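Student: Sequence:
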Amino acid sequence: MLPGRRNVYVLLDVLCVCVASLPFIIMTLVNSPYKRGFYCDDESIRYPYREDTITHGLMAGVTISCTVIIISSGEMYMVFSKRLYSRSECNNYVAALYKVIGTFLFGASVSQSLTDLAKYMIGRPRPNFVAVCNPDWTTVNCSGYVTDFVCRGNPSNVTESRLSFYSGHSSFGMYCMLFLSLYVQARLCGKWARLLRPTVQFFLISFALYVGYTRVSDYKHHWSDVLVGLLQGSLVATLTIQSKLKDPELGDRRRSNGSAGGELDILWQTQTSKTADPVAQNPSQIERRDVLGRAERRVSGGWERGLPGHNKIIKHAAVLSKPTGPQHD
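FYI, the numbering for the sequence shown is 676 to 1004, going by this note's numbering.
Keep in mind the hints are simulated off the structure, nothing from the lab. Nothing here was measured: the structure is a model prediction, and the numbers come from that model. Each statement offered as a hint is correct.
Listed next, with one range per pair, are the computed distances between beta-carbon atoms: (1) N766 with G736: 25 to 31 angstroms; (2) G732 with L884: 16 to 22 angstroms; (3) D717 with V769: 52 to 58 angstroms; (4) L870 with R827: 53 to 59 angstroms; (5) N809 with S748: 46 to 52 angstroms; (6) M796 with F824: 18 to 24 angstroms; (7) V769 with G828: 48 to 54 angstroms; (8) G736 with C691: 23 to 29 angstroms; (9) L686 with R721: 49 to 55 angstroms.
Glycine included, C-beta positions come from ideal geometry on N, C-alpha and C.
Generate coordinates for the entire structure from the input sequences, incorporating the hints supplied.
Tutor: Listed below in structure tokens is the structure:
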């Protein structure tokens, strides 16, 4: 792979991640959700305000730590156990990390962008909206759907209270944990991991579900917000990692031009000596097989025994078909 072409692929990867992040970045900077009204008798938005059980900092710390530890350990195991290698000109381990982390970041960008698009475009009030907004009830006409009201609460908190649908904690948490669970499924394929693999996956998925449950109990989201967030995170994680992580025992035999070293995928060139066709590992056996095949095709095509050169081919094929080396009964 030429260095110039490799750099182009790397830049293309970075560009794809940046483009996928654009909706998330723009919505966060503008920070102006749709201002939806409410009904005065709507009990679903009259819950008290509570602090987050899982804060944004804790969420980021857990997901980033798990991602770094699991992916770095998994790629180290695969590379240094000679079960995985890349045709990139840089270090195999660095190339492995680059491809997995690149894919993870791309999916995370897509998940966050989809989440923020829904949040800011729909503007569904949170269950604690009335407590956070603290509207001036003397100016509110409760005879119908209320759209003309003034919130006396903290402006930033009021803006945040309009971002209920759907849960960003749930979607991002499920994306990260399901991505890592599928990664563990693809990488820990040894017999020694038959119980370790589902154990790790259990704790990863349990954390994602726990985060979703706390968003309901903290009155930050309706149950439907959490459900949609979990489904969205699961869908993005599955689509992102699908057909990207391959069983290292099978290898990737379909690529003839080699790995670019900068592609946003995890298409690896794996060592297949253990699973390769034993005939293909012996050049002399390949030659005997080819000669016999040509002889059989000529006979089936109507060649007659008296045709010049035919007997010579058959004899040569018969000689090559004899096994070489010591014979064992």
